[in-house]
Amino acid sequence: MKVPYKFIGAAFLATILFTSQACKENCLQGSGNEKTDKRQLTAFSQLEITGSFNVTLVQDSSNAVTITADDNIVSVIKTDVSGDKLKISSDKKNLCSTKEIAITIGVRNLKAISASGAIDMASRGHLNLGDLDIDLAGATKLNLDVTAANIETEASGVNEITLKGQARSHKIEFSGSGNLKAFDLVTGNYNIESSGQSDCEINVLNELNIHTTGASEIKYKGTPTKINKSKTGALTLTKTD
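When the letters of the sequence shown are read in order and numbered with mature numbering (1 follows the signal peptide of the UniProt record, and there is no 0), they come out as residues -22 to -1, 1 to 219.
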């Protein structure tokens, strides 16, 4: 059974529209006066972001967060470092900015990303990392250019993930509606687990392990020496040149 990308895209859009409507009904309305606030923080390597933000990741040694939004909205966005983790959230449940709430994060050695809500996150430039853990919930878009050792991803809700670069391994678990575009992430070993509706494009060199209990379409590049499949749902697996 083919899982059409347009279905996942429609689900993502519906989630965004629902969130937007809820926001309008009970929100902090932006003033219309744009402000940029740069905050210098102590060192961190993990991110925990909750809300509705447009996030840019930059690999540098600044340990700084720059927020651009309406001035009264900037003032309620919290940036706290606890241990090794940077937490970004808001004092208010709903923020209705007149423009997107843009957050740029400078971090040297990123180890973990946790994003929930309506987050649009992308790297600016290439990220050179060790192991990377990714946890996504809600309606989240993630776009990374990365070289990593091992990547582990858990995605629940409606998520769109784009990855390029290279990794020794990538383990991804989908629950909900997920779309993975990773033809340009050259990976040694891949493990895919899906209990919802997922559409995956991957590039694997050695071993591919698949376990699905939902409806999944997986397209792969590369010549893996071993492919293991375990399915109780509908799986379409296609090799692509």
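Quick caveat, the hints were computed from the structure, so don't treat them as lab data. Certain hints may be false.
Here are the computed lysine-lysine pairs in the DSS-like style, where the Cα-Cα straight-line distance is at most 27 Å [unchecked claim]:
hint : residue 1 : residue 2
1    : Lys149    : Lys71
2    : Lys89     : Lys142
3    : Lys159    : Lys149
4    : Lys207    : Lys197
5    : Lys70     : Lys56
6    : Lys13     : Lys77
7    : Lys89     : Lys77
8    : Lys149    : Lys70
9    : Lys13     : Lys56
10   : Lys209    : Lys199
11   : Lys56     : Lys89
Each hint, compared with the structure:
no.: 1; hint: Lys149 to Lys71; verdict: 32 Å, violated
no.: 2; hint: Lys89 to Lys142; verdict: 17 Å, holds
no.: 3; hint: Lys159 to Lys149; verdict: 14 Å, holds
no.: 4; hint: Lys207 to Lys197; verdict: 14 Å, holds
no.: 5; hint: Lys70 to Lys56; verdict: 10 Å, holds
no.: 6; hint: Lys13 to Lys77; verdict: 11 Å, holds
no.: 7; hint: Lys89 to Lys77; verdict: 30 Å, violated
no.: 8; hint: Lys149 to Lys70; verdict: 35 Å, violated
no.: 9; hint: Lys13 to Lys56; verdict: 15 Å, holds
no.: 10; hint: Lys209 to Lys199; verdict: 21 Å, holds
no.: 11; hint: Lys56 to Lys89; verdict: 21 Å, holds
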